[in-house]
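The residues making up each chain are set out below.
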Amino acid sequence: MTPEESTRLGRAWLEMGLGEHASVAAFARFVLHLLRLGAPPELLRGAIRAMDDEVVHTRICFGVAKRFTGKAAGPGPIDMSDVADQPADHRSIMEAAILEGCIAETISARYAQVAFERAEDRAIRTALARIAEDESRHADLSWRFVHWLLHKFPELNSAAAACFAQAFSTPLAFDEEEADPESFEKYGHLLPSSKRQVAHAVLQGEIAERTVALLGYLPSSNTPALSTATAQAKVLS
Amino acid sequence: MSKQLTNDSSASNHARLLSSQARETIDKVAGQLSEQSAAGALARGKMFELVGYFPEAVDSYVEALSCDRNNTEASARLALAQLKAEQREKALATATALAARQPAFKFKALVTNEQVSSMTVLGDALVGNGRLEEAKEAYQAARKIDGKDSYAAGRLAELHLANKDFKKALDLRKDFKDNPRFEELNSLMALSDTSDLLLPRFSRESLSLRISAIAVGRPLLVDGMTRFASVVEGDEEWCADSSEQSDAP
Chain F
1 MTPEESTRLG
11 RAWLEMGLGE
21 HASVAAFARF
31 VLHLLRLGAP
41 PELLRGAIRA
51 MDDEVVHTRI
61 CFGVAKRFTG
71 KAAGPGPIDM
81 SDVADQPADH
91 RSIMEAAILE
101 GCIAETISAR
111 YAQVAFERAE
121 DRAIRTALAR
131 IAEDESRHAD
141 LSWRFVHWLL
151 HKFPELNSAA
161 AACFAQAFST
171 PLAFDEEEAD
181 PESFEKYGHL
191 LPSSKRQVAH
201 AVLQGEIAER
211 TVALLGYLPS
221 SNTPALSTAT
231 AQAKVLS
Chain G
1 MSKQLTNDSS
11 ASNHARLLSS
21 QARETIDKVA
31 GQLSEQSAAG
41 ALARGKMFEL
51 VGYFPEAVDS
61 YVEALSCDRN
71 NTEASARLAL
81 AQLKAEQREK
91 ALATATALAA
101 RQPAFKFKAL
111 VTNEQVSSMT
121 VLGDALVGNG
131 RLEEAKEAYQ
141 AARKIDGKDS
151 YAAGRLAELH
161 LANKDFKKAL
171 DLRKDFKDNP
181 RFEELNSLMA
191 LSDTSDLLLP
201 RFSRESLSLR
211 ISAIAVGRPL
221 LVDGMTRFAS
231 VVEGDEEWCA
241 DSSEQSDAP
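Protein chains in written order, with our numbering: chain F, 1 to 237; chain G, 1 to 249.
Heads up, some of the hints might be wrong.
Quick list of in silico lysine to aspartate or glutamate cross-link-like pairs, DMTMM-like style, CA-CA up to 20 Å [what the hints assert, rightly or not]:
hint	chain 1	residue 1	chain 2	residue 2
1	F	186	F	4
2	F	186	F	15
3	F	186	F	5
4	G	167	G	133
5	G	168	F	15
6	F	71	G	233
7	F	71	G	236
8	G	90	G	63
9	G	106	G	56
10	F	71	G	241
11	G	167	F	121
12	G	148	G	137
13	F	71	F	5
14	F	71	G	235
15	F	186	F	82
16	G	28	G	73
17	F	71	F	140
18	G	90	G	146
19	G	168	G	178
20	G	174	G	134
21	F	71	G	237
Just a sample of chain G residues kept apart from chain F, beta carbon distances all over 10 Å, derived [said to hold, decoys possible]:
hint	residue
22	32
23	71
24	105
25	147
26	178
27	186
28	220
29	226
30	230
31	231
Please keep in mind that the hints were generated in silico from the structure rather than gathered at the bench.
Glycine residues also receive a C-beta, built at the ideal position from the N, C-alpha and C atoms.
Generate coordinates for the entire structure from the input sequences, incorporating the hints supplied.
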């Protein structure tokens, strides 16, 4: 590995660390949402534990980054302006949980799992094993929360279906350029092409199945998907 | 929809139909491609749209409107091209203005025999912007303008299914069952005609998601954008010590 590649790999782990760090804030907001809704203690404890997990993940990622960059680094302050101003009605909370938890976190849990499988560095494999297991649990928490919420507020079912449909019908944005070498995957950094494959597989597999289990059907299949090749074939031409 | 429920001859027939209609459209516009006029720009837009060059199609339709701002067909095609080019908000603005101006305007789809109205285009634009209830109203208005608008019927059925209004969706089936565009939906509904337990298995290639920069963990989304902290160098407290042996360079 050249010094430049080492620096780039370190930067990739720094970005992962920032993602984990931001998750602490995302779960903090989730805890507030749970309190607002009168959620049961099992969900509250799960969210609080998730916050702690994400702090651990952040330190893991920055620790790995230091190995490759040669420099210690950590996250600075996050701009929290407007975070508290986000809509906090039941529907908005549910939509946030669906988007950030059921979908994004389920995908990211699979990223971690695949990254673990492809990594060859022992310390990185240990780190990713921990992250993958925790993220999977966090994703489960989101699905349990949405299930609980829809049971408590059944009038939200249509909105949940629309949210899943909307989420399924917009394209996943990835960098198209693959500037990093394939060897980075040995060190736990998935390339954009790998992420794209994993994300689509998870969407078509686990997330679709869990959505069906949650709602009884797959609403995304019924919404005109306007931004993919298949969807474009459906739009008038 | 599972591909097992379609058969080769059905797909071949559909492809042949699309092919002949695409050829017909190409033949009609080919002679106008070089014209520096609204008609020429409209022709270029259609050609770009046919081959999937949607941003270029948008530019051409805009050019057509700059030559003739009352060109209703250019407006309608612009809205659709904007949707395909993922310019959703612009598409909605274009479609809304068109529907207000000419709600009953009808035109022929480029590669199918569908005759659709401005209200149908508005419905598509509303769906593209996540406004599903309003989209239903637009498609219903389109069907009032033309009871034979099978495209609007199919779209409306899809929206009813999303809302678990199975009966309403099934009631629409007769109005789109002959439209090849909705072959999969029609086949599925044929199976489910006697049951509310619809379990759609549509092509999952249509599933996609946009969350900018899914990295790891749960994103902190504010107004749809992810938020991160910046990196501060020199902070040892955040660097966990990996005491395991490693292959690090």
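For each hint, the structure was consulted:
{"no.": "1", "hint": "F:186 to F:4", "result": "holds (17 Å)"}
{"no.": "2", "hint": "F:186 to F:15", "result": "holds (17 Å)"}
{"no.": "3", "hint": "F:186 to F:5", "result": "holds (13 Å)"}
{"no.": "4", "hint": "G:167 to G:133", "result": "holds (17 Å)"}
{"no.": "5", "hint": "G:168 to F:15", "result": "violated (48 Å)"}
{"no.": "6", "hint": "F:71 to G:233", "result": "holds (7 Å)"}
{"no.": "7", "hint": "F:71 to G:236", "result": "holds (9 Å)"}
{"no.": "8", "hint": "G:90 to G:63", "result": "holds (16 Å)"}
{"no.": "9", "hint": "G:106 to G:56", "result": "violated (23 Å)"}
{"no.": "10", "hint": "F:71 to G:241", "result": "holds (13 Å)"}
{"no.": "11", "hint": "G:167 to F:121", "result": "violated (56 Å)"}
{"no.": "12", "hint": "G:148 to G:137", "result": "holds (17 Å)"}
{"no.": "13", "hint": "F:71 to F:5", "result": "holds (15 Å)"}
{"no.": "14", "hint": "F:71 to G:235", "result": "holds (9 Å)"}
{"no.": "15", "hint": "F:186 to F:82", "result": "violated (39 Å)"}
{"no.": "16", "hint": "G:28 to G:73", "result": "holds (15 Å)"}
{"no.": "17", "hint": "F:71 to F:140", "result": "violated (35 Å)"}
{"no.": "18", "hint": "G:90 to G:146", "result": "violated (26 Å)"}
{"no.": "19", "hint": "G:168 to G:178", "result": "holds (18 Å)"}
{"no.": "20", "hint": "G:174 to G:134", "result": "violated (23 Å)"}
{"no.": "21", "hint": "F:71 to G:237", "result": "holds (12 Å)"}
{"no.": "22", "hint": "32", "result": "holds (18 Å)"}
{"no.": "23", "hint": "71", "result": "holds (17 Å)"}
{"no.": "24", "hint": "105", "result": "holds (13 Å)"}
{"no.": "25", "hint": "147", "result": "holds (18 Å)"}
{"no.": "26", "hint": "178", "result": "holds (16 Å)"}
{"no.": "27", "hint": "186", "result": "holds (13 Å)"}
{"no.": "28", "hint": "220", "result": "violated (4 Å)"}
{"no.": "29", "hint": "226", "result": "violated (7 Å)"}
{"no.": "30", "hint": "230", "result": "violated (5 Å)"}
{"no.": "31", "hint": "231", "result": "violated (5 Å)"}
Of the numbered hints stated above, those contradicted by the structure are hints 5, 9, 11, 15, 17, 18, 20, 28, 29, 30, 31, listed in ascending order.
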